[in-house]
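Order-wise, the sequence lines are chains W and Z. Going by the numbering used here, the first residue of the first sequence is number 1, and it counts up by one from there. Going by the numbering used here, the first residue of the second sequence is number 1001, and it counts up by one from there.
Honestly, the hints are just simulated from the structure, not real lab data. Think of the CB as a built atom: it goes at the ideal place given N, C-alpha and C, for glycine as much as any other residue. Where hints are given, some of them may not hold.
[As the list claims (entries may be wrong)] Ranges between beta-carbon positions, derived for each pair:
no.	chain 1	residue 1	chain 2	residue 2	range
1	Z	1003	W	64	51 to 61 Å
2	W	130	Z	1228	24 to 34 Å
3	Z	1125	W	282	19 to 29 Å
4	W	11	Z	1183	36 to 46 Å
5	Z	1041	W	29	57 to 67 Å
6	W	64	Z	1063	52 to 62 Å
7	W	94	Z	1228	49 to 59 Å
8	Z	1275	W	41	43 to 53 Å
9	Z	1276	W	111	20 to 30 Å
[As the list claims (entries may be wrong)] Stretch-level coverage of chain W by chain Z, calculated; a stretch enters the list once three of its residues show a Cβ under 8 Å from a Cβ in chain Z:
no.	region
10	51-60
11	74-81
12	195-209
13	248-262
[What the hints assert, rightly or not] Straight-line C-alpha distance at most 25 Å; calculated SDA-like pairs for lysine to any residue:
no.	chain 1	residue 1	chain 2	residue 2
14	W	88	Z	1087
15	Z	1130	W	151
16	Z	1151	W	243
17	W	151	Z	1180
18	Z	1130	W	267
19	W	228	Z	1040
20	Z	1246	W	182
21	Z	1228	W	177
22	W	88	Z	1111
23	W	94	Z	1080
24	W	130	Z	1244
25	W	88	Z	1088
26	Z	1130	W	87
27	W	130	Z	1040
28	W	151	Z	1242
29	Z	1151	W	87
30	Z	1094	W	80
31	Z	1151	W	26
32	Z	1130	W	33
33	W	284	Z	1040
34	W	274	Z	1125
35	W	88	Z	1041
Number of protein chains: 2
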Amino acid sequence: MINKLIANITKTNAPIVVGLDPMLNYVPEYIKEAAFAEYGETLKGAAEAIWVYNKGIIDATYDLIPAVKPQIAMYEQFGIEGLIAFHKTCEYAKEKGLVVIGDIKRGDIGSTSTAYAVGHLGHVQVGSNKLAGFDEDFVTVNPYLGSDGVKPFVDVCKEEGKGIFVLVKTSNPSSGEFQDRIIDGRPLYELVAEKVVEWGSECMGNGYSNVGCVVGATYPEMGKVLRKLMPNTYILVPGYGAQGGKAEDLVHYFNEDGLGAIVNSSRGIIAAYKQDKYAGFGEKAYADASRKAVVDMIADINGALGK
Amino acid sequence: MINKLIANITKTNAPIVVGLDPMLNYVPEYIKEAAFAEYGETLKGAAEAIWVYNKGIIDATYDLIPAVKPQIAMYEQFGIEGLIAFHKTCEYAKEKGLVVIGDIKRGDIGSTSTAYAVGHLGHVQVGSNKLAGFDEDFVTVNPYLGSDGVKPFVDVCKEEGKGIFVLVKTSNPSSGEFQDRIIDGRPLYELVAEKVVEWGSECMGNGYSNVGCVVGATYPEMGKVLRKLMPNTYILVPGYGAQGGKAEDLVHYFNEDGLGAIVNSSRGIIAAYKQDKYAGFGEKAYADASRKAVVDMIADINGALGK
């Protein structure tokens, strides 16, 4: 799957991913009104509003971008109905040729991690059938439980031709509380990075592994070190834009081949129409505002990369 | 919610929780046949089989136990249909007076952690309504992202009278890869434990906090230290039975008041009829085998505690 992701990035010349993390207050009023008129102010009404909103953004941007990253928490908060909207969003994005990175940050042990991997990346055996649950292309994985927690995902990736991104250094202010603590002279996130390389060596694509990692845009000095430590690991970079990460900070997350990193923006794209800069579009044209924000983000990042 | 959990434990004199982690191969053939006859060998058929199986176990054990712990991964592997069975299981267990600990091991940052907390413990705002998604009583939380990831759960616990169990030291063989690494002379899990105490101090019940922790039964020496480090923290203890943890190892997870820990068994209870010891029940009486296994587990643990 890393090969497909890289092919999509190369084709679009856009090392970016749009984070589909819908908050209900991002959704234009007219979409909410229509959904609530049909289903009431219910979980189903909320899920319908989010799905319509997402579909508009995908339709307006799919030709410009390689991938989307739906954040499952934003759907899970609406229970079953929200998860149906998550699944529809994933399926629709795949129909449009996009790679789908499920931002699920799961992680457990043994057969339990296998169950997550099977449900999100693989097929579960039911009688004589092998059936897909959510069927994303990549998912994000939390490494706190160690190899027992991550290897079942790697095994499913090998069987199914899928991929994962393992959390190494997250973008949030308190990520240092545990991740930066010094062990034998080096921060914990470097030890996790070394394990990512080890897990990923079993699961290589062309030049890059199907086991990628997450390193926040908000810690560029650490990103520089981690890039060198994991030369064949794709880095998924959250934290650009709304969280404070700047394009010039991201240069060292890339390799000299111009590959090796994919930068996420969520709010900055999907709620672009709420920013002063794109307010002229108005809420009816929210998806056009998202398209313009994508064009600007690609120019910003490629500019910093000198492309 | 910790007060309700303790009340249930005291009433049943059973510091145990039954892990509802159904694998399809635990489910008796006759239940699978009926479910597949109705819905085919589909995700819905699998989910129906699991739900019927769970209901049988709950009906046969609810009067003996304080709580159940459904492991969401085992449902999520069957996609939306599986999650519907998860939700039905949680609701049914609550109807029976049981405390429901959703073993979801979620963890993210800021508004994303809030979304998980809201979806699993709280209510989400939809128009003028406040609606519950999954509505468990407690959930398990992964701390790798630090306070930003955990505090949103604590805030929702305060608002909604719910609780969490934060992973400190997990029961799996490779849990030491990161959790045991030495930082300033102490293992990482002790640093996490100190944070658990800090987070929990905001959210106290009567004597114990609504912020509990997870410490595996398979590391009794560490459990002893962690008990002392977190005197007012309830410890959820996985790893008893099938994973190798023994009752006598668990004594030091409890405080002198006889409280402070709740021991989980999953396979050992729900698939008891597959063990030689309980094979006499046969698969038709799988739930009776589970009841007997619960009785034996309570006797085993209370015996070790001298109760």
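Results of checking the hints against the structure:
A hinted range of 51 to 61 Å holds for the C-beta pair residue 1003(Z) and residue 64(W), which are about 54 Å apart. For the hinted restraint 24 to 34 Å between residue 130(W) and residue 1228(Z), the CB-CB distance of approximately 49 Å leaves it violated. In this structure the supplied range 19 to 29 Å holds for residue 1125(Z) paired with residue 282(W), their Cβ-Cβ distance being about 25 Å. Between residue 11(W) and residue 1183(Z), the C-beta spacing of about 45 Å keeps the proposed range 36 to 46 Å intact.
For the pair residue 1041(Z) and residue 29(W), the supplied restraint of 57 to 67 Å is violated, since their beta-carbon distance comes to about 44 Å. Between residue 64(W) and residue 1063(Z) the Cβ separation comes to about 60 Å, which falls inside the hinted range of 52 to 62 Å. At about 52 Å, the beta-carbon gap between residue 94(W) and residue 1228(Z) stays in the expected band of 49 to 59 Å. Take residue 1275(Z) and residue 41(W): their Cβ atoms lie about 50 Å apart, and the range 43 to 53 Å holds.
Hint check: residue 1276(Z) to residue 111(W), Cβ distance near 21 Å, so the stated range 20 to 30 Å holds. Interface restraint, the region 51-60 of chain W with chain Z: violated (0 residues with C-beta to C-beta distance below 8 Å; minimum three). Note: the region 74-81 of chain W has 6 residues with beta-carbon separation from chain Z under 8 Å; the three-residue rule is met and the coverage holds. Note: the region 195-209 of chain W has 1 residues with beta-carbon separation from chain Z under 8 Å; the three-residue rule is not met and the coverage is violated.
Beta-carbon proximity to chain Z at under 8 Å applies to 0 residues in the region 248-262 of chain W; the threshold of 3 is not reached and the given coverage is violated. Pair hint residue 88(W) plus residue 1087(Z) holds up; C-alpha atoms about 20 Å apart against a cutoff of 25 Å. About 39 Å separates the Cα atoms of residue 1130(Z) and residue 151(W), which puts this hinted pair outside 25 Å; it is violated. Between residue 1151(Z) and residue 243(W) the alpha-carbon distance is near 18 Å, which keeps this suggested pair within the 25 Å criterion.
Pair hint residue 151(W) plus residue 1180(Z) holds up; C-alpha atoms about 19 Å apart against a cutoff of 25 Å. Proposed proximity of residue 1130(Z) and residue 267(W) is supported: the alpha carbons are some 24 Å apart, at most 25 Å. Distance check on the hinted pair: residue 228(W) and residue 1040(Z) sit about 51 Å apart at the alpha-carbon level, beyond 25 Å; violated. As the CA atoms of residue 1246(Z) and residue 182(W) are separated by approximately 34 Å, the hinted pair breaks the 25 Å bound.
For the proposed pair residue 1228(Z) and residue 177(W), the alpha carbon gap of about 22 Å is at most 25 Å, so the pair holds. At most 25 Å may separate the alpha-carbon atoms for a hinted pair to count; residue 88(W) and residue 1111(Z) meet this at roughly 23 Å. Simply put, residue 94(W) and residue 1080(Z) have alpha-carbon atoms about 18 Å apart, close enough for the 25 Å limit, and the pair holds. Between residue 130(W) and residue 1244(Z) the alpha-carbon distance is near 32 Å, which puts this suggested pair outside the 25 Å criterion.
Distance check on the hinted pair: residue 88(W) and residue 1088(Z) sit about 22 Å apart at the alpha-carbon level, within 25 Å; holds. Our distance criterion of 25 Å between C-alpha atoms is met by residue 1130(Z) and residue 87(W), whose separation comes to about 24 Å. Between the alpha carbons of residue 130(W) and residue 1040(Z) the distance comes to roughly 13 Å, so the proposed pair stays at or under 25 Å and holds. The suggested pairing of residue 151(W) with residue 1242(Z) holds, with an alpha-carbon distance near 21 Å, which does not exceed 25 Å.
Distance restraint check for residue 1151(Z) and residue 87(W): the Cα-Cα separation of roughly 28 Å exceeds the 25 Å cut-off, and the hinted pair is therefore not satisfied. With a C-alpha separation of about 18 Å, the suggested pairing of residue 1094(Z) with residue 80(W) holds against the 25 Å cut-off. Taking the CA atoms of residue 1151(Z) and residue 26(W), the gap is about 24 Å. The hint holds against a cut of 25 Å. Among the hinted pairs, residue 1130(Z) with residue 33(W) is consistent with the structure: their alpha-carbon atoms are about 17 Å apart, no more than 25 Å.
In summary, the hint linking residue 284(W) to residue 1040(Z) is not supported, as the alpha carbons are separated by about 44 Å, beyond the 25 Å threshold. Taking the CA atoms of residue 274(W) and residue 1125(Z), the gap is about 20 Å. The hint holds against a cut of 25 Å. Between residue 88(W) and residue 1041(Z) the CA atoms are separated by roughly 22 Å; this keeps the pair inside 25 Å, and the hint holds.
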